[in-house]
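Chain residues, written in single-letter form:
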Amino acid sequence: AQSVAQPEDQVNVAEGNPLTVKCTYSVSGNPYLFWYVQYPNRGLQFLLKYITGDNLVKGSYGFEAEFNKSQTSFHLKKPSALVSDSALYFCAVRDRGSTLGRLYFGRGTQLTVWP
Amino acid sequence: DTAVSQTPKYLVTQMGNDKSIKCEQNLGHDTMYWYKQDSKKFLKIMFSYNNKELIINETVPNRFSPKSPDKAHLNLHINSLELGDSAVYFCASSQGMRGGGTEAFFGQGTRLTVV
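So the sequences go chain by chain: P and D.
Numbering-wise, the numbering used here comes out as the position in the first sequence, counting from 1, plus 1.
Numbering-wise, the numbering used here comes out as the position in the second sequence, counting from 1, plus 1073.
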């Protein structure tokens, strides 16, 4: 069975500090991994994805994520948080061997950046 | 240009009514989805269509009926609305039935409130 875990419902950081939003996954095959962000009363916006190659992927707004196959993790990071980064973040996984392309989402992590 | 657009953005209706939500994408994608986001922000896939063909039909009450007149449109009709149907419904699209490494693009959501 495919699943995604975001172990923290909330992450609070001070502006200027580094941030990490954690994600671990479970798929039967090799994964495609995604991060999305949702601002209040908005749809999900794509941030970045891991397909293959370099385990460190860079995305929009200065975010990056590191794929760790041995730990089945894909944590989202940013070196210096901004107040405007405050939002709900979703990790998602798709099984590479899937014939249906279904995306499985984590339950989301609310990031709050304090000024 | 809005890539994935849903109408209406807000929908307030009484129990027992029938309502529809419309979705259109101008990205040229051949796969479209409906997701439901509950009050705890959990995202669950409901349906997926590829080139007007239903390919994913999760355990959803049969009061919910998707319709895809062409690959750019995927509408959601809900009969006999119940209080528990209150949620935010997101339409999304992506290229390719298997999805692969392509990200899904989301609409801004329709907030349905059943009173």
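Don't read these hints as lab results, they were simulated from the structure.
Please read these numbers as outputs of a predicted model, since none were measured by experiment.
Each hint should be verified, as a subset may be incorrect.
Stated by the list, open to error - With beta-carbon atoms standing in for the labels, derived distance ranges:
no.	chain 1	residue 1	chain 2	residue 2	range
1	P	T21	D	G1169	28 to 34 angstroms
2	P	S71	D	V1133	32 to 38 angstroms
3	P	W115	D	P1134	28 to 34 angstroms
4	D	R1136	P	V84	24 to 30 angstroms
5	D	L1156	P	D55	16 to 22 angstroms
6	D	R1184	P	P19	33 to 39 angstroms
7	P	S71	D	N1152	44 to 50 angstroms
Built from N, CA and C at the ideal position, the CB exists for glycine as well.
Evaluation of the provided hints:
{"no.": "1", "hint": "P:T21 <-> D:G1169: 28 to 34 angstroms", "result": "holds, 32 angstroms"}
{"no.": "2", "hint": "P:S71 <-> D:V1133: 32 to 38 angstroms", "result": "holds, 37 angstroms"}
{"no.": "3", "hint": "P:W115 <-> D:P1134: 28 to 34 angstroms", "result": "violated, 42 angstroms"}
{"no.": "4", "hint": "D:R1136 <-> P:V84: 24 to 30 angstroms", "result": "violated, 42 angstroms"}
{"no.": "5", "hint": "D:L1156 <-> P:D55: 16 to 22 angstroms", "result": "violated, 48 angstroms"}
{"no.": "6", "hint": "D:R1184 <-> P:P19: 33 to 39 angstroms", "result": "holds, 34 angstroms"}
{"no.": "7", "hint": "P:S71 <-> D:N1152: 44 to 50 angstroms", "result": "holds, 49 angstroms"}
In summary, the numbered hints that this structure violates are 3, 4 and 5.
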